[in-house]
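Colleague: Protein chains in written order, with this note's numbering: chain A, 1 to 270; chain B, 271 to 545; chain C, 546 to 863.
Everything labelled a hint here was simulated from the structure, so no lab data went into it.
Treat the hints with care, as some may be off.
Claimed, not checked - The list that follows gives simulated cross-link-like pairs (lysine-lysine, DSS-like), each with its CA atoms no further than 27 angstroms apart: (1) A:Lys181 <-> A:Lys49; (2) A:Lys99 <-> B:Lys373; (3) B:Lys438 <-> A:Lys49; (4) A:Lys6 <-> B:Lys451; (5) A:Lys224 <-> C:Lys579; (6) B:Lys350 <-> A:Lys181; (7) B:Lys373 <-> B:Lys438; (8) A:Lys49 <-> B:Lys542; (9) A:Lys224 <-> C:Lys744.
Claimed, not checked - A few chain B residues facing chain C, derived, Cβ under 10 angstroms: (10) Val278; (11) His281; (12) Asp285; (13) Tyr286; (14) Asp289; (15) Leu290; (16) Gly375; (17) Ile377; (18) Leu460.
Nothing here was measured: the structure is a model prediction, and the numbers come from that model.
Ideal Cβ positions, reconstructed from N, Cα and C, are used throughout, including at glycine.
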Amino acid sequence: MSPEVKPDYLISPEGLRNDGRRPDEMRPIEMKVGVLKQADGSASIRQGKTYIIAAVYGPRELHPRHLTQNDRAYLRVVYRMATFSVPDRKRPAPSRREKEISMVIANSLRPVIFLEEFPKSVIDVFVTVIQADGGTRCAAINAASLALADAGIPMRSLVPSVAVGKADGHLLVDLGDEEDKYGQGDIPMATIPHSDEIVLLQQDGSFTREEIMEAAQMGITSCKYLHELQKDALKLAYARKEGENGGDDDDDYEDDLEHDLGEAEIPGDD
Amino acid sequence: MGDWSSEVISHIDYDYVRDLLSRGERLDGRAFDEYRPIDIEVGVVPAKAEGSALVRIGNTSVVAGVKVLVGQPWPDNPDKGFVMVTAEMSPMASPLFELGPPKEGAIELARVVDRGVRESDTVDVSKLCILEGKHVYTIFADVYPLEYDGNLLDASSMAVNAALATTKYPEYKMEDDKLVKTENMISIPLENMAIEVTHSKIGDSLVVDPILKEEMVQNCRITIAVDENDKMTAMQKGGGIGPLTLDDLDAAMGVSIERTHDIMALIKEAVKSLK
Amino acid sequence: MALFFTKREIVVPGQLLAEGRYRADVGAYGKDEKVYSAVVGLAELRGNTVKVVPLQGVYIPSEGDLIIGKITIVAGNNWKVDLGSGPYLASLHANNALRRPYDDDISRYMGIGDVIVAEVSAFDRNSGPFLFMKGRGLQKLEGGMLMSINPAKVPRVIGRRGSMISMIKDLLRVQTVVGQNGIIWIRSRDPKIMRLAVKAFEMIEAEAHTSKLTDRVHDMLKEELKNLKGSIDEDDYPSDEDEGPPKDEAFEEAPVETEPEPEVESEPAPEPEPEVVPEDEPTETKEEPSEVEAKPDKAKAKPKKVEEKPEEKEVSEE
Numbered sequence: 001m002s003p004e005v006k007p008d009y010l011i012s013p014e015g016l017r018n019d020g021r022r023p024d025e026m027r028p029i030e031m032k033v034g035v036l037k038q039a040d041g042s043a044s045i046r047q048g049k050t051y052i053i054a055a056v057y058g059p060r061e062l063h064p065r066h067l068t069q070n071d072r073a074y075l076r077v078v079y080r081m082a083t084f085s086v087p088d089r090k091r092p093a094p095s096r097r098e099k100e101i102s103m104v105i106a107n108s109l110r111p112v113i114f115l116e117e118f119p120k121s122v123i124d125v126f127v128t129v130i131q132a133d134g135g136t137r138c139a140a141i142n143a144a145s146l147a148l149a150d151a152g153i154p155m156r157s158l159v160p161s162v163a164v165g166k167a168d169g170h171l172l173v174d175l176g177d178e179e180d181k182y183g184q185g186d187i188p189m190a191t192i193p194h195s196d197e198i199v200l201l202q203q204d205g206s207f208t209r210e211e212i213m214e215a216a217q218m219g220i221t222s223c224k225y226l227h228e229l230q231k232d233a234l235k236l237a238y239a240r241k242e243g244e245n246g247g248d249d250d251d252d253y254e255d256d257l258e259h260d261l262g263e264a265e266i267p268g269d270d
Numbered sequence: 271m272g273d274w275s276s277e278v279i280s281h282i283d284y285d286y287v288r289d290l291l292s293r294g295e296r297l298d299g300r301a302f303d304e305y306r307p308i309d310i311e312v313g314v315v316p317a318k319a320e321g322s323a324l325v326r327i328g329n330t331s332v333v334a335g336v337k338v339l340v341g342q343p344w345p346d347n348p349d350k351g352f353v354m355v356t357a358e359m360s361p362m363a364s365p366l367f368e369l370g371p372p373k374e375g376a377i378e379l380a381r382v383v384d385r386g387v388r389e390s391d392t393v394d395v396s397k398l399c400i401l402e403g404k405h406v407y408t409i410f411a412d413v414y415p416l417e418y419d420g421n422l423l424d425a426s427s428m429a430v431n432a433a434l435a436t437t438k439y440p441e442y443k444m445e446d447d448k449l450v451k452t453e454n455m456i457s458i459p460l461e462n463m464a465i466e467v468t469h470s471k472i473g474d475s476l477v478v479d480p481i482l483k484e485e486m487v488q489n490c491r492i493t494i495a496v497d498e499n500d501k502m503t504a505m506q507k508g509g510g511i512g513p514l515t516l517d518d519l520d521a522a523m524g525v526s527i528e529r530t531h532d533i534m535a536l537i538k539e540a541v542k543s544l545k
Numbered sequence: 546m547a548l549f550f551t552k553r554e555i556v557v558p559g560q561l562l563a564e565g566r567y568r569a570d571v572g573a574y575g576k577d578e579k580v581y582s583a584v585v586g587l588a589e590l591r592g593n594t595v596k597v598v599p600l601q602g603v604y605i606p607s608e609g610d611l612i613i614g615k616i617t618i619v620a621g622n623n624w625k626v627d628l629g630s631g632p633y634l635a636s637l638h639a640n641n642a643l644r645r646p647y648d649d650d651i652s653r654y655m656g657i658g659d660v661i662v663a664e665v666s667a668f669d670r671n672s673g674p675f676l677f678m679k680g681r682g683l684q685k686l687e688g689g690m691l692m693s694i695n696p697a698k699v700p701r702v703i704g705r706r707g708s709m710i711s712m713i714k715d716l717l718r719v720q721t722v723v724g725q726n727g728i729i730w731i732r733s734r735d736p737k738i739m740r741l742a743v744k745a746f747e748m749i750e751a752e753a754h755t756s757k758l759t760d761r762v763h764d765m766l767k768e769e770l771k772n773l774k775g776s777i778d779e780d781d782y783p784s785d786e787d788e789g790p791p792k793d794e795a796f797e798e799a800p801v802e803t804e805p806e807p808e809v810e811s812e813p814a815p816e817p818e819p820e821v822v823p824e825d826e827p828t829e830t831k832e833e834p835s836e837v838e839a840k841p842d843k844a845k846a847k848p849k850k851v852e853e854k855p856e857e858k859e860v861s862e863e
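Using the sequences and the hints given, assemble the complete structure.
Modeller: In structure tokens:
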């Protein structure tokens with residue numbers, strides 16, 4: 001019921017967007033790690049007005065059993081929007097859109113997780129969109145990969161994600177809701193930063209071949225920026241727990257590191 | 271929700287909780303009639319929800335959001351709008367909550383919270399009518415648990431009440447037989463408020479605001495909704511099949527009335543903070 | 546050859562740690578002559594091996610681990626044991642817990658909801674861990690309370706050569722067993738003392754990767770004990786007679802050698818500990834059939850930690 005009106009223009013004569021951003025400028029982003037106590041790992045992200053929480057459980061026993069994979073863990077992602085996260089109330093039952101987005105999120109995270117370390121088990125990722133203002137699947141991936149890391153799941157990399165789109169003929173990164181609704185197209189993508197490989201790619205709208213290539217390049221650049229934010233958020237979460245005294249002369253401490261906990265043996269990747 | 275009688279509880283946990291209670295102590299050191307710290311934050315979904323609140327009770331937390339839509343009235347109540355409360359047990363909130371369509375426990379949670387709001391006439395639905403038989407305001411309050419460490423019911427009840435109390439939505443008018451949105455932002459016509467207070471019966475003891483470890487070993491739970499006039503407006507015995515005595519019920523009502531006063535004060539304070 | 550981290554730096558998945566002839570060990574992986582972190586943790590270099598000590602994670606069993614688990618299924622001659630963390634349900638075969646012959650109905654000895662201390666005797670990721678429960682300190686737990694922490698923090702709870710756990714035990718005079726799977730059993734007569742122990746373990750979990758933690762936990766406990774003083778009768782401690790040693794269930798005591806004692810500073814250490822059964826202690830314990838009762842008396846004679854004593858129960862026929 002909130003008023004939603006099509007703006008007169010999406011790009012001003014000065015080349016700025018409705019909210020004053022430059023075409024290649026992200027919205028303000030805040031990521032937090034370890035926001036839920038019951039989950040094995042968790043993270044939240046605020047990106048503009050979009051607000052999402054991700055929780056990870058596992059690896060744990062898989063139910064129902066028919067989903068079991070004998071040589072690896074099953075990564076299960078459930079993306080849900082709260083009924084009140086959008087202008088019109090969303091119906092509580094999962095929609096086809098939510099199911100598809102759950103799948104593409106899972107497919108963008110699977111390549112980086114050492115799933116083979118935990119055969120027969122499941123790693124659950126639950127994403128709840130508390131407030132939706134464009135870019136929720138990408139924000140969900142940003143938060144989910146932080147939650148996975150927070151759960152101690154071994155991964156090749158964090159996965160940053162951003163949508164690049166087009167409005168009034170300009171390519172824009174990190175589309176807001178209006179730009180998404182009234183613009184000419186949208187390309188959500190996610191990357192593995194140290195190799196620039198693309199793990200999520202969707203497109204709608206109308207783009208030329210050249211525009212797609214340019215948009216993808218903008219996306220990769222923005223993902224590098226997002227990756228820095230992700231790393232900072234993770235490190236902050238663990239550094240924050242560090243006590244007042246960061247003294248370096250603790251023998252105990254040294255010794256504890258010697259312990260082999262029987263953690264996952266991570267094999268070489270090559 | 272909160273019927274964990276089919277889970278395997280370790281004998282050690284079971285005995286420990288009960289043994290402590292028999293000595294007059296709770297696991298976390300609280301008095302039997304004492305809540306964990308309660309934190310109520312309103313306006314947490316400011317851009318999309320008409321009203322919202324995040325409530326924490328200890329390590330349990332829920333978020334509730336309100337949507338106000340203009341819709342058709344029920345045929346049997348053509349001059350009244352309506353309020354509907356839903357809640358689910360999102361698997362995000364606990365390893366005990368399973369994926370899939372709402373199960374009995376989630377439905378009970380939603381219905382009990384809904385009953386607390388509905389039976390107390392929290393909202394004066396006769397003031398939600400725009401055009402009799404045609405257009406009324408319909409109010410949906412939906413609850414999502416984020417962290418479950420016991421007592422989702424009371425957290426949900428608080429969150430719904432706080433969200434309703436902070437809801438602002440555009441007023442609609444009939445002009446020339448047409449429904450028009452005005453610039454005017456209005457509040458929900460709140461008449462009464464009822465807060466649900468849950469107790470666990472464990473052994474011979476009755477404790478308020480159970481944590482998960484207490485729910486796990488309870489004989490049963492009793493939830494009592496108390497309104498602004500100290501009247502009971504809804505009750506539910508659940509969470510196990512253990513019986514209650516009349517003395518239990520009387521004691522639970524006494525504690526519920528007292529705690530409701532405290533909780534209402536907290537909600538009013540939170541609502542004021544937004545204004 | 547280049548290193549891209551400082552000692553004990555907190556690193557995150559995908560972070561480049563080294564380039565050149567380095568080898569990736571646990572918590573790290575190698576690709577194209579480069580070593581990256583795979584987890585959030587503290588990066589360490591040993592020789593030319595790079596590893597990352599994880600700060601989070603579920604329990605992945607390892608042979609020799611001492612665990613605390615809850616029996617959730619009794620099936621034939623096997624108990625299935627919930628380890629509370631991780632994807633694997635553990636199995637304990639009656640032959641590895643009872644002395645033969647034993648009753649066909651093994652739930653007579655241990656049933657659903659019972660909590661045990663056992664050792665992981667074998668593990669692979671496909672069939673899950675197998676447990677062994679013959680040996681000193683390996684037994685069904687009675688009384689006390691349970692709490693759980695993230696298994697990645699267990700080494701810190703134990704501390705260097707058991708320093709942390711011994712400090713806590715000495716200060717609070719509680720009995721405690723720390724399972725590698727993150728489950729901790731605590732027993733004291735005084736609930737306030739148990740709550741203090743819980744507070745200490747929670748503090749260690751929250752600040753596991755900080756320095757001088759042993760000192761800070763010590764100071765915290767001292768302070769809290771001071772506050773408690775008066776409300777506690779010091780004489781209460783020594784013997785927990787009322788809780789006595791576990792009732793006669795029916796476990797065979799294996800010969801002493803089984804004692805999980807190998808790596809000094811690692812896990813199992815805490816409970817089977819020295820105080821339990823000094824070397825000179827008569828060994829009526831092992832192997833001899835009968836005398837379930839023998840123990841209790843001796844136990845009482847001993848100053849404390851009675852029940853940590855192995856149970857020298859005899860199964861045989863009943």
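Colleague: Hints numbered earlier in the text: which of these fail when held up against the supplied structure?
Modeller: Of the numbered hints, 6, 7, 9, 16, 17 and 18 do not hold.
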